[in-house]
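If you read the sequences in order, they're chains A and B. Quick note on the numbering used here: the first sequence kicks off at 131 and runs consecutively. Quick note on the numbering used here: the second sequence kicks off at 131 and runs consecutively.
Fair warning: there could be bad hints in the mix.
Identical copies look the same in the list; a pair holds intra-copy or inter-copy alike.
To be verified - Here are the simulated lysine to any residue pairs, SDA-like style, with alpha carbons at most 20 Å apart:
| id | residue 1 | residue 2 |
| --- | --- | --- |
| 1 | Lys484 | Leu474 |
| 2 | Lys354 | Asp380 |
| 3 | Lys550 | Thr208 |
| 4 | Lys293 | Asp313 |
| 5 | Lys280 | Ile207 |
| 6 | Lys550 | Asp344 |
| 7 | Lys315 | Asp186 |
| 8 | Lys405 | Ile479 |
| 9 | Lys439 | Ile571 |
| 10 | Lys354 | Glu158 |
| 11 | Lys315 | Tyr285 |
| 12 | Lys315 | Ala241 |
In case anyone wonders, no lab produced these hints; they're calculated from the structure. None of the values given here were measured: they were computed from a predicted structure.
Number of protein chains: 2
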Amino acid sequence: MEEREFFELITDLLAANKLPLLRKLLEESNVVDIAVAASNLTTEQLLRVFRILPKDISSSVFSYLDPDDQTRLVESITDKELEALIDEMYIDDTVDFLEEVPANIVRRVLARADSQTRSIINRFLNYPEDSAGSIMTIEMVELHDHYTAKRAIEYIRETGCDKETVYTCFVIDAQRHLIGSVDLKDLLFCKESETVGDIMDNERALISVTTTDDREEVAEIARKYDLLSVPVVDNENRLVGIITIDDIIDVMEEAATEDIEKMHMLLPSEDDYLKTGVFTLVKNRIVWLLVLMVSATFTSQIITGFEDKLAAIAGLTASIPMLTGTGGNAGNQVSSLIIRGIALGKIGITDYFKVLWKEIRVAVICGGALAVANLGRMFLVRLVTGGEVATSVFIVTSLAMMLSVIAAKAIGCSLPIIAKLLKADPAVMSGPMLATLVDIITLLIYFGLANVMLVNV
Amino acid sequence: MEEREFFELITDLLAANKLPLLRKLLEESNVVDIAVAASNLTTEQLLRVFRILPKDISSSVFSYLDPDDQTRLVESITDKELEALIDEMYIDDTVDFLEEVPANIVRRVLARADSQTRSIINRFLNYPEDSAGSIMTIEMVELHDHYTAKRAIEYIRETGCDKETVYTCFVIDAQRHLIGSVDLKDLLFCKESETVGDIMDNERALISVTTTDDREEVAEIARKYDLLSVPVVDNENRLVGIITIDDIIDVMEEAATEDIEKMHMLLPSEDDYLKTGVFTLVKNRIVWLLVLMVSATFTSQIITGFEDKLAAIAGLTASIPMLTGTGGNAGNQVSSLIIRGIALGKIGITDYFKVLWKEIRVAVICGGALAVANLGRMFLVRLVTGGEVATSVFIVTSLAMMLSVIAAKAIGCSLPIIAKLLKADPAVMSGPMLATLVDIITLLIYFGLANVMLVNV
Chain A
131 MEEREFFELI TDLLAANKLP LLRKLLEESN VVDIAVAASN LTTEQLLRVF
181 RILPKDISSS VFSYLDPDDQ TRLVESITDK ELEALIDEMY IDDTVDFLEE
231 VPANIVRRVL ARADSQTRSI INRFLNYPED SAGSIMTIEM VELHDHYTAK
281 RAIEYIRETG CDKETVYTCF VIDAQRHLIG SVDLKDLLFC KESETVGDIM
331 DNERALISVT TTDDREEVAE IARKYDLLSV PVVDNENRLV GIITIDDIID
381 VMEEAATEDI EKMHMLLPSE DDYLKTGVFT LVKNRIVWLL VLMVSATFTS
431 QIITGFEDKL AAIAGLTASI PMLTGTGGNA GNQVSSLIIR GIALGKIGIT
481 DYFKVLWKEI RVAVICGGAL AVANLGRMFL VRLVTGGEVA TSVFIVTSLA
531 MMLSVIAAKA IGCSLPIIAK LLKADPAVMS GPMLATLVDI ITLLIYFGLA
581 NVMLVNV
Chain B
131 MEEREFFELI TDLLAANKLP LLRKLLEESN VVDIAVAASN LTTEQLLRVF
181 RILPKDISSS VFSYLDPDDQ TRLVESITDK ELEALIDEMY IDDTVDFLEE
231 VPANIVRRVL ARADSQTRSI INRFLNYPED SAGSIMTIEM VELHDHYTAK
281 RAIEYIRETG CDKETVYTCF VIDAQRHLIG SVDLKDLLFC KESETVGDIM
331 DNERALISVT TTDDREEVAE IARKYDLLSV PVVDNENRLV GIITIDDIID
381 VMEEAATEDI EKMHMLLPSE DDYLKTGVFT LVKNRIVWLL VLMVSATFTS
431 QIITGFEDKL AAIAGLTASI PMLTGTGGNA GNQVSSLIIR GIALGKIGIT
481 DYFKVLWKEI RVAVICGGAL AVANLGRMFL VRLVTGGEVA TSVFIVTSLA
531 MMLSVIAAKA IGCSLPIIAK LLKADPAVMS GPMLATLVDI ITLLIYFGLA
581 NVMLVNV
């Protein structure tokens with residue numbers, strides 16, 4: 131069924147008050163589809179849908195709603211319903227929701243949560259925004275190494291029902307230290323009498339992170355090791371939570387989006403474009419636009435200092451945008467590759483000289499080819515338009531293009547790695563800085579060559 | 131243990147010929163770490179490591195090796211070992227490996243596979259490169275709706291051992307039509323006597339893809355619905371395979387990388403930067419550099435046509451890079467957001483007018499702020515350097531900046547959506563095209579204003 135049809139079916143059934151039929155339809159539908167449809171319902175309709183659903187489904191739908199819809203729903207439900215909702219939701223979904231909604235909603239939710247839940251939520255809300263702690267959940271299965279496989283499966287059956295995942299279980303000792311992990315699959319396929327200790331992955335194979343680790347690093351680890359969930363430990367290696375693959379995927383997509391934003395001179399934002407207001411968009415953009423515009427004072431001054439010669443020699447000015455454009459493109463090509471390589475953990479600081487040497491060779495070939503093509507292009511244009519630009523200007527332009535491509539490639543591969551070395555963000559430091567630097571260097575090369583080679587014109 | 135230490139421990143144990151100890155170490159280690167270490171071993175060392183490992187671990191390590199290392203290992207092992215390896219590996223890993231290695235290796239592998247495996251591999255190798263079929267596996271658990279939960283779990287225990295995942299099982303009818311899916315979790319938590327048909331997600335909640343669907347769409351669906359595996363059906367809705375989350379994550383990362391490459395005027399490449407040769411890098415870059423350089427003929431011609439005025443009026447030329455730079459930045463900011471929004475399925479063609487209206491408002495504010503800042507900047511520079519540029523030139527420059535930012539934002543949000551409408555790639559069409567278009571329009575605005583407003587100078 132199409133999104134639109136599904137939405138209309140829901141509103142029709144609501145209008146006709148055919149609630150048992152609606153309930154059946156929704157119970158059989160995917161919770162994500164219900165959440166998508168819900169965002170187009172009126173608050174009154176949304177409330178009715180929420181109330182006819184069984185608690186487990188309604189809480190699941192709730193966790194997929196946009197913050198706006200979560201807010202209007204929570205504003206409409208009774209305290210008792212709110213209590214039941216918090217009780218049913220996974221802690222990490224509750225925390226996600228609380229991080230996005232207005233403060234009065236947060237206060238009301240905390241007031242209705244039992245004291246244990248409240249203290250857990252408060253702890254989670256205090257983890258730094260980009261930390262592993264902020265995206266973990268505490269609803270995991272904990273086993274002991276002396277359990278037999280049979281006992282472990284029974285234990286999972288008894289306690290696993292409200293856990294976020296049961297497919298990877300973590301093994302702890304009496305002091306809650308993480309000592310291993312075991313897949314449900316392995317518990318099913320081994321002999322019933324084998325112990326968890328026998329079949330678990332022990333410390334050497336076990337991958338874990340700490341609450342303060344950066345969540346992008348966690349995502350990187352999960353990707354590298356193909357993990358369905360990552361255990362989170364405190365400084366004494368005691369298990370405090372797990373991060374599940376669905377949250378890891380969100381972190382990956384957000385990290386890629388953030389890098390793209392930074393590379394394109396935007397302040398990163400977690401909000402969806404369509405839901406972001408005009409002033410927030412302006413705020414995210416104006417900073418870099420202003421910085422770069424002001425830093426263009428350098429290029430303006432360089433040109434001003436050369437104004438007489440530009441006025442005297444026909445054809446010099448015309449190539450300025452082409453030269454800065456080509457230099458910028460050449461630099462961007464390599465910086466984007468290096469930034470992405472660093473983000474995915476495939477390029478490190480120690481690779482610098484290897485990268486630089488590679489780029490210089492690439493640049494010489496690319497720059498040479500461009501210079502030759504440019505010579506041809508300029509002769510052709512002169513032939514067609516009958517212009518009067520001197521051949522020596524063509525040579526200066528082509529030579530400048532080649533040198534500026536080489537400089538741009540060298541800068542483009544150096545900036546992200548220098549940023550990484552300085553523990554700055556490669557995407558921020560190289561995207562915006564690159565543009566200005568390459569412009570300046572390109573103009574200096576161009577005018578320098580013109581000064582030397584065109585003195586007698 | 132650090133990567134380096136782990137590698138040295140392996141080579142030390144090999145040198146001392148302490149094979150039982152090495153075997154124990156490796157058995158307790160993570161297969162991904164072994165694969166990373168293996169790429170630095172000599173072929174002779176690699177072969178020894180491969181041979182002392184139990185078959186299930188060695189085949190798992192093999193699937194994580196780089197194609198280069200897979201090739202040199204396969205070239206060294208006996209036919210019998212190769213046969214055992216193929217037998218142990220998952221089909222999708224075998225196909226991944228065969229897609230990357232030289233043809234003689236492919237021939238040898240196919241010759242050693244049994245006829246059924248060979249025909250499956252051949253079928254997989256024939257799926258289009260970016261299709262769902264090319265990344266699926268056929269090692270899934272298939273249940274029937276009349277099975278009780280008890281019977282289903284027994285069936286999984288009996289047959290699931292060599293399946294790629296048992297956590298989501300798919301339900302088929304007698305004609306292999308996909309009729310539902312059931313999580314192992316639900317089988318564990320329900321009554322033993324309930325049937326699979328009772329507890330499965332039925333067709334309405336079930337998400338599936340076909341073999342020819344684009345794999346990026348599959349990744350998008352898995353992300354949206356938080357799926358651990360996606361069932362793949364043929365045109366008659368018969369189950370032919372599944373795609374597991376680890377492969378989906380790889381597709382997501384590759385898709386983001388590809389978009390970044392295309393936005394930065396590179397031909398997309400699947401190879402790691404550090405492993406790509408200089409000539410391949412040149413080939414991936416030179417195309418767009420040439421196209422854009424040649425298309426800069428337009429900007430050159432525009433400037434040439436205006437050369438007399440540029441020579442006559444002090445201060446006009448100096449602002450050209452600043453204006454094209456600011457326009458380019460402003461356009462890039464919005465196009466990158468829209469391209470990413472389209473890639474993540476958050477912005478569609480029908481949102482166009484909403485986006486355009488939003489961008490025009492953002493552009494007026496940003497452009498206005500930039501124009502004012504630029505006026506201030508130019509006055510300040512004149513004050514400090516004692517230049518002789520006329521105030522009217524400042525006004526023309528600032529006005530041109532504002533208009534060019536508005537044009538750049540409008541073009542930047544339109545190009546990706548037009549590309550989507552024409553079923554072209556938003557990232558390719560807008561990244562490279564945007565730069566040239568914005569340059570041209572900025573210069574036309576600038577010189578147009580100068581012509582009208584500076585006639586009497």
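Hint check:
1. For the identical chains of this complex, lysine 484 and leucine 474 are intra-copy neighbours only, at 18 Å inside a copy versus 34 Å across copies, given an alpha-carbon limit of 20 Å.
2. In this assembly of identical chains, the alpha carbons of lysine 354 and aspartate 380 lie at most 20 Å apart whether taken from the same copy (16 Å) or from different copies (10 Å).
3. In this homomeric assembly, lysine 550 and threonine 208 never come within 20 Å of each other (Cα to Cα): the closest approach is 51 Å inside a single copy and 45 Å across copies.
4. In this homomeric assembly, lysine 293 and aspartate 313 come within 20 Å of each other (Cα to Cα) both inside a single copy, at 15 Å, and across copies, at 14 Å.
5. Taking CA atoms no more than 20 Å apart as the test, lysine 280 paired with isoleucine 207 passes in neither setting, with 43 Å inside one copy and 40 Å between copies.
6. When the C-alpha separation of lysine 550 and aspartate 344 is checked against a cutoff of 20 Å, the pair qualifies only within one copy, where the shortest distance is 15 Å, while the shortest distance between copies is 35 Å.
7. Taking CA atoms no more than 20 Å apart as the test, lysine 315 paired with aspartate 186 passes between copies only; the shortest distance there is 15 Å, against 26 Å inside one copy.
8. In this homomeric assembly, lysine 405 and isoleucine 479 come within 20 Å of each other (Cα to Cα) only across copies, at 16 Å, whereas the closest approach inside a single copy is 38 Å.
9. For the identical chains of this complex, lysine 439 and isoleucine 571 are intra-copy neighbours only, at 18 Å inside a copy versus 26 Å across copies, given an alpha-carbon limit of 20 Å.
10. Proximity of lysine 354 and glutamate 158 under a CA criterion of 20 Å is satisfied inter-copy only: 18 Å between copies versus 36 Å inside one chain copy.
11. For the homomeric pair lysine 315 and tyrosine 285, the shortest alpha-carbon distances inside one copy (15 Å) and between copies (13 Å) are both at most 20 Å.
12. When the C-alpha separation of lysine 315 and alanine 241 is checked against a cutoff of 20 Å, the pair qualifies neither within a copy, at 41 Å, nor between copies, at 33 Å.
Violated hints for the displayed structure, listed by number in ascending order: 3, 5 and 12.
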